[in-house]
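**Q** Knowing the structure of chain A, use the given hints to seat chain B on it.
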Amino acid sequence: DAGITQSPRHKVTETGTPVTLRCHQTENHRYMYWYRQDPGHGLRLIHYSYGVKDTDKGEVSDGYSVSRSKTEDFLLTLESATSSQTSVYFCAISEWGAGKSYNEQFFGPGTRLTVL
Amino acid sequence: ILNVEQSPQSLHVQEGDSTNFTCSFPSSNFYALHWYRWETAKSPEALFVMTLNGDEKKKGRISATLNTKEGYSYLYIKGSQPEDSATYLCAFNNQGGKLIFGQGTELSVKP
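Residue numbers (our numbering), protein chains in the order written: chain A, 1 to 116; chain B, 117 to 227.
Only chain A is shown next, with the shape it has when bound in the complex (with noise of 0.2 angstroms):
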């Protein structure tokens, strides 16, 4: 398994309450991703990032900031949850583009937030 953690895994929060979660890896890849899962949706591209302190924007970024001072490390931040940001959220890592052809992604174990 690609060595990839995210912290905490459960958490309960109240609306307007900032939070942060992190995904941490151990294999130096150098794009990493946080991505939300919603029933019906499959999974959504929020934020990603191509190295150190290189971030851009995904499909759903509305709400997300996210920080990369690490190569192992990137944070998720919602300034101000909501409870329309109750879901399952997962990192993932890939070394697309470093003589992979496509872009095979390794998902962390998911971290659920409920915004009350």
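Everything labelled a hint here was simulated from the structure, so no lab data went into it. Ideal placement from N, C-alpha and C gives every residue a C-beta, glycine not left out. You may find that some hints are simply not true.
To be verified - Which bits of chain B does chain A cover? Going by a derived footprint, with three or more residues having C-beta under 8 angstroms, they are:
hint, region
1, 132–144
2, 161–172
3, 185–192
4, 217–227
To be verified - Listed next, with one range per pair, are the computed distances between beta-carbon atoms:
hint, chain 1, residue 1, chain 2, residue 2, range
5, B, Pro227, A, Thr17, 40 to 46 angstroms
6, A, Thr77, B, Glu199, 36 to 42 angstroms
7, A, Asn28, B, Gly212, 21 to 27 angstroms
8, A, Lys53, B, Gln130, 29 to 35 angstroms
9, A, Gly16, B, Pro227, 36 to 42 angstroms
**A** For chain B alone, coordinates are given in the frame of chain A:
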């Protein structure tokens, strides 16, 4: 926005039944098609990556085919077992490297 559609959304079969489901994707800007298996409370796990029209991949009782010209892939499970119960996700890999996921097919295999 590119649409990746999977059907059916859910499937209930008996142990021993063979089953198949479909992933439809855009036929333009194609680079690869990924299949993932996702069990509840675990990480999605890569099953197959297919890149060429006509590709067929097999892993044990699970196999997949790819038609890039018409934009579909089939996943087959022969002789389903209860441990095959999971959500099966496909993802369209465009030439820019982005993965666009379908909504998944949830398979339940009853003993």
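**Q** All hints are to be evaluated individually against the structure, with a verdict given for each.
**A** Right, here's what the structure says about each hint:
With 0 residues carrying a beta carbon less than 8 angstroms from a beta carbon of chain A, the region 132–144 of chain B misses the three-residue requirement, and the given coverage is violated. Three residues within the 8 angstroms Cβ limit are the bar, and the region 161–172 of chain B against chain A gives 4, so the coverage statement holds. With 0 residues carrying a beta carbon less than 8 angstroms from a beta carbon of chain A, the region 185–192 of chain B misses the three-residue requirement, and the given coverage is violated. Coverage of a stretch by a chain is defined here by at least three residues with a beta carbon nearer than 8 angstroms to that chain's beta carbons; for the region 217–227 of chain B and chain A the count is 4, and the condition holds.
The hint said 40 to 46 angstroms for the Cβ distance between Pro227 (chain B) and Thr17 (chain A), and at roughly 44 angstroms that hint holds. Separated by about 38 angstroms at the C-beta atoms, Thr77 (chain A) and Glu199 (chain B) satisfy the suggested range of 36 to 42 angstroms. The hinted window of 21 to 27 angstroms between Asn28 (chain A) and Gly212 (chain B) holds, with their beta carbons roughly 23 angstroms apart. Lys53 (chain A) and Gln130 (chain B) have their C-beta atoms about 53 angstroms apart, which leaves the hinted 29 to 35 angstroms range violated.
Remark: the range hint 36 to 42 angstroms for Gly16 (chain A) to Pro227 (chain B) is contradicted by a beta-carbon distance near 47 angstroms.
The earlier numbered hints that this structure contradicts are 1, 3, 8 and 9.
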